[in-house]
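K.L.:
Input sequences plus hints: build the corresponding full structure.
Going down the list, the protein sequences come from chains A and B. As numbered in the working numbering, the first sequence has no gaps in its residue numbers, which increase by one up to the final residue, 175. As numbered in the working numbering, the second sequence has no gaps in its residue numbers, which increase by one up to the final residue, 539.
Hints in this document: simulated from the structure, not taken from any laboratory. Treat the hints loosely; a few may be bogus.
[Unchecked claim] Facing chain B, according to a computed beta carbon distance under 10 Å, are these residues of chain A, among others:
#, residue
1, 41
2, 95
3, 118
4, 122
5, 126
6, 132
7, 144
8, 152
9, 158
[Stated by the list, open to error] Within a straight-line C-alpha distance of at most 20 Å, the following computed EDC-like cross-link-like pairs (lysine to aspartate or glutamate) qualify:
#, chain 1, residue 1, chain 2, residue 2
10, A, 154, B, 158
11, B, 289, B, 249
12, B, 436, B, 85
13, B, 116, B, 432
14, B, 495, B, 243
15, A, 154, B, 178
16, B, 436, B, 404
17, B, 179, B, 443
18, B, 436, B, 447
19, B, 116, B, 405
20, A, 154, B, 338
21, B, 179, A, 153
22, B, 179, A, 148
23, B, 116, B, 404
24, B, 231, B, 526
25, B, 495, B, 270
26, A, 95, B, 380
27, B, 289, B, 266
28, B, 231, B, 197
29, A, 95, A, 76
30, A, 95, B, 379
Predicted model only: the values in this text are computed from it and were never measured. Heads up, the beta-carbon is just placed ideally off N, CA and C, and yes, glycines get one too.
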Amino acid sequence: MTDSPAALNDLAFMDALLNLLIPPNASGSLPGAGTLGLSPGVATGLQADPLLGPMVGAGLQAIREAALAQHSEGLSGMSPEAGKRLVEAQNSANPFIMIGLLRYVYPAYYQHPQVLRGIGAPARPPFPEGFDVEATDAGLLEKLQARAVTLASPPTLLPDRRSP
Amino acid sequence: MLNEPVGVLVVGAGASGAAFAWSIADIGTSVLCLDQGPWMRQQDYPTNGLDWESRGMAEFSTSPNVRRLPADYPVNEQDSEISPLMFNAVGGSTILWAAHFPRLTPGDFRSKTEDGVGEDWPIDYETLEPYFSLNDRMMGVSGLSGDPAYPYHEPPLPPLPLGKTGNALAAGFEKLGWHWWPSDSAILSREYEGRAACINLGPCLTGCAQGAKASTDITYWPAAQRKGVQLRTGCRVREITVRADGMADGVLYYDAEGQLQEQKAEIMVLACNGIGTPRLLLNSKSRQHPDGLANSSGLVGKNLMFHPYTMVTGIFEQPLSGHGPVGCSLWSHEFYRTDRTRGFVRGYSFEAVRGFGPAQTAMWGMVHGLVPWGEDHHRSFARLYDHTATLLGITEDLAEETNTVTLDPVLTDANGIPAPKVTYRLSDNSRKMLAHAGERATEALKAAGAVQTVAMPLLREAGWHLMGTARMGRDPRTSVVNERGQAHDVKNLFIVDGSIFVSAGGVNPTSTIQALALYVADSMKTNLATLFDNA
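P.N.:
Following this line, the structure appears as structure tokens:
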């Protein structure tokens with residue numbers, strides 16, 4: 012059996028796989044995950060993960076070998092449809108492989124500036140600019156003020172049961 | 005190595021240790037605090053970078069077993085239905101908390117009298133009220149006075165804005181005629197005491213780069229240090245040492261270089277949280293205290309209470325602009341009181357949660373089968389992102405002696421100190437309460453306009469609130485500390501963290517933990533001359 016990191020370190024394979032997981036959208040505003048250079052980071056994350064790393068690594072190795080058995084260039088040489096069929100077949104045997112892989116792919120993808128812009132989010136960290144938040148609805152506040160207890164009045168929702 | 009003896013030695017620089025140290029400094033003796041963690045720096049918090057969501061799942065995870073940082077100790081949680089969470093640094097878990105800041109209600113202090121379950125506390129809400137208020141001022145609490153679920157109190161700052169998410173949820177509660185109120189939040193709605201106002205970064209659970217969220221490293225500690233309190237970081241306490249008469253006389257701890265140090269003190273105060281404190285007591289066996297320190301009752305480590313959480317997320321057609329402090333918008337006490345027709349005793353509160361970040365949206369959607377990989381990925385993601393709001397049901401856990409913190413026979417931390425093992429099973433009462441809370445949360449979200457709801461009946465990764473493992477009481481046979489936080493067995497040993505809770509209530513405990521710490525400190529100051537009588 013081949014060592015599991017072989018699949019993780021095969022950039023062409025990983026890029027092709029990531030493009031199957033998150034393909035570009037129809038308009039082109041959102042790129043495929045494999046075109047963003049995420050594979051090395053995903054591989055590093057998995058290799059450092061004692062729980063998911065070995066399982067996902069072994070699963071990806073099986074996918075890689077199955078792809079190489081079908082096409083001399085492996086997954087990167089296959090059509091998207093054929094690649095998808097192959098990955099789905101492996102996934103149905105052990106869905107945790109894809110879940111484990113996506114644990115690293117999704118965060119990497121949705122932190123990429125190009126993707127953030129594509130989903131309508133600002134491509135910047137939250138700090139230091141922060142975000143605007145809508146004020147509390149004035150009508151709701153009025154309703155609360157009508158129900159509010161005062162210093163002199165006991166709470167109404169939780170009355171003090173020791174009081175006479 | 006032997007260090008200069010001190011008057012008061014506090015172990016733990018988190019929510020309670022900081023408040024206690026700041027207050028006790030008034031007596032004029034030397035006060036030293038040891039913490040196993042470091043000082044945090046706001047420029048290091050994840051929201052300074054684009055990868056803030058990834059870092060929140062790794063070195064800023066709320067679980068010490070995920071982070072595995074040098075300051076962390078492992079917790080064996082294999083026999084627990086809820087994973088304990090905490091952070092080890094100056095500021096403790098307030099570094100990574102949501103800062104949702106409800107108080108326990110008056111009725112929470114007398115569950116036995118009211119409902120025949122648990123035990124009544126030896127103190128009441130009214131006793132703690134001045135300390136709640138003082139603590140609100142020290143932490144910088146925003147809120148709206150007049151909540152009918154509580155006795156009247158005035159948060160020092162106006163409430164945080166509800167945002168679109170909160171406004172939508174509040175409208176749902178209004179439609180149902182259910183109680184709701186803007187949360188008391190330990191987050192600044194305005195500049196306060198030299199700290200900047202909240203700018204809605206959102207992910208409070210990974211530390212606040214703005215410093216608007218209260219964590220005790222930026223609230224109590226600067227004030228405590230100005231009073232002369234010393235704080236020594238990177239110090240992991242191995243055990244509390246005792247004199248021949250059984251009184252505590254200091255600690256043995258490992259410093260940042262791994263060297264064993266000895267620190268003597270006249271008064272010992274534990275503020276290590278509901279897992280760390282019983283762990284330390286159980287690790288402090290001696291001839292005088294063969295079952296661990298302060299454990300003649302056998303209750304150290306028993307009666308562990310979490311708050312079992314249920315989580316229901318609604319998917320809305322309209323965008324909700326879900327920015328803002330993630331856990332702080334509104335709460336509801338509609339189902340807080342016992343109604344036996346529901347099939348359980350006691351109750352729960354709701355806490356509204358604002359929207360998820362992009363990565364969390366994708367991950368959450370994946371877990372629930374709503375965001376697949378492949379061609380349908382983008383459409384599915386777009387349906388969720390910025391279109392979710394969540395209600396957490398925070399249920400009251402009843403104390404049970406079978407829910408415990410013990411010492412793991414094998415697992416140790418980096419210094420070879422036995423690690424804690426948590427054994428915890430949900431009670432039938434809690435299961436029924438969680439189910440009820442899930443149904444009501446679904447109802448509220450639908451009333452607010454959710455077109456679909458997704459429930460997680462029990463959040464496993466939600467063991468934030470660690471309570472009850474060295475509980476307070478007047479009877480030494482049924483409690484570990486007295487009504488002043490003083491160990492029955494060791495008169496110069498005090499405990500000020502969530503361990504001393506008698507009951508859990510159905511709300512986040514930090515406000516009450518800190519009020520208790522201030523109360524214990526004040527009680528010590530008042531009774532200093534007779535503190536060790538009957539020793």
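K.L.:
Each hint: holds or not?
P.N.:
Results for each hint:
Proximity of residue 41 of chain A to chain B holds as hinted, the smallest CB-CB distance being about 6 Å (cut-off 10 Å). Interface hint status for residue 95 of chain A: upheld, as the beta-carbon distance to the closest one in chain B is roughly 7 Å, under 10 Å. At about 4 Å, the closest approach between the beta carbon of residue 118 of chain A and any beta carbon in chain B falls short of 10 Å, and the interface hint on this residue holds. Annotation: residue 122 of chain A was flagged as interfacial toward chain B, and the flag holds, the nearest CB pair being 5 Å apart, inside 10 Å.
With a cut of 10 Å, the hint placing residue 126 of chain A at the interface with chain B holds, because the nearest CB-to-CB distance is about 8 Å. Taking 10 Å as the C-beta cut-off, the interface hint given for residue 132 of chain A holds, the closest approach to chain B being about 6 Å. Nearest Cβ of chain B to the Cβ of residue 144 of chain A: about 4 Å, under the 10 Å cut. The hint holds. The closest approach between the C-beta of residue 152 of chain A and any C-beta of chain B is roughly 8 Å, which is under the 10 Å cut-off, so the hint is satisfied.
Of the supplied interface hints, the one on residue 158 of chain A holds, with its beta-carbon coming within about 6 Å of a beta-carbon of chain B, less than 10 Å. A hinted pair counts as satisfied when its Cα atoms are at most 20 Å apart, and residue 154 of chain A with residue 158 of chain B qualifies at roughly 18 Å. Distance hint between residue 289 of chain B and residue 249 of chain B is fulfilled; the C-alpha atoms sit about 14 Å from each other, no more than 20 Å. For a cut-off of 20 Å, the pair hint linking residue 436 of chain B to residue 85 of chain B stands: about 16 Å separates their Cα positions.
Under the criterion of a C-alpha separation no larger than 20 Å, the hint pairing residue 116 of chain B with residue 432 of chain B is consistent with the structure, at around 18 Å. With a CA separation close to 17 Å, the supplied pair residue 495 of chain B and residue 243 of chain B stays within the 20 Å bound. Between residue 154 of chain A and residue 178 of chain B the CA atoms are separated by roughly 9 Å; this keeps the pair inside 20 Å, and the hint holds. Of the supplied pair hints, the one linking residue 436 of chain B and residue 404 of chain B holds, its CA atoms being roughly 16 Å apart against a limit of 20 Å.
Taken as a hint, the residue 179 of chain B and residue 443 of chain B pair is honoured in the structure, with Cα atoms around 16 Å apart against an allowance of 20 Å. In summary, the hint linking residue 436 of chain B to residue 447 of chain B is supported, as the alpha carbons are separated by about 17 Å, within the 20 Å threshold. The suggested pairing of residue 116 of chain B with residue 405 of chain B holds, with an alpha-carbon distance near 16 Å, which does not exceed 20 Å. Restraint check: the Cα-Cα separation between residue 154 of chain A and residue 338 of chain B comes to about 16 Å, which is no more than 20 Å; the hinted pair holds.
A threshold of 20 Å between alpha carbons decides the hint, and for residue 179 of chain B with residue 153 of chain A the separation of about 15 Å falls inside it, so the pair holds. Taken as a hint, the residue 179 of chain B and residue 148 of chain A pair is honoured in the structure, with Cα atoms around 15 Å apart against an allowance of 20 Å. Taking the CA atoms of residue 116 of chain B and residue 404 of chain B, the gap is near 14 Å; set against the 20 Å cutoff, the hint holds. Restraint check for residue 231 of chain B and residue 526 of chain B: satisfied, since their Cα atoms lie roughly 16 Å apart, inside the 20 Å limit.
Restraint check for residue 495 of chain B and residue 270 of chain B: the C-alpha separation of about 11 Å stays at or below 20 Å, so the hint holds. With a C-alpha separation of about 13 Å, the suggested pairing of residue 95 of chain A with residue 380 of chain B holds against the 20 Å cut-off. The suggested pairing of residue 289 of chain B with residue 266 of chain B holds, with an alpha-carbon distance near 16 Å, which does not exceed 20 Å. This hinted pair checks out: residue 231 of chain B and residue 197 of chain B have alpha carbons roughly 17 Å apart, not beyond 20 Å.
Among the hinted pairs, residue 95 of chain A with residue 76 of chain A is consistent with the structure: their alpha-carbon atoms are about 15 Å apart, no more than 20 Å. Under the criterion of a C-alpha separation no larger than 20 Å, the hint pairing residue 95 of chain A with residue 379 of chain B is consistent with the structure, at around 10 Å.
Violated hints: none; the structure is consistent with every hint.
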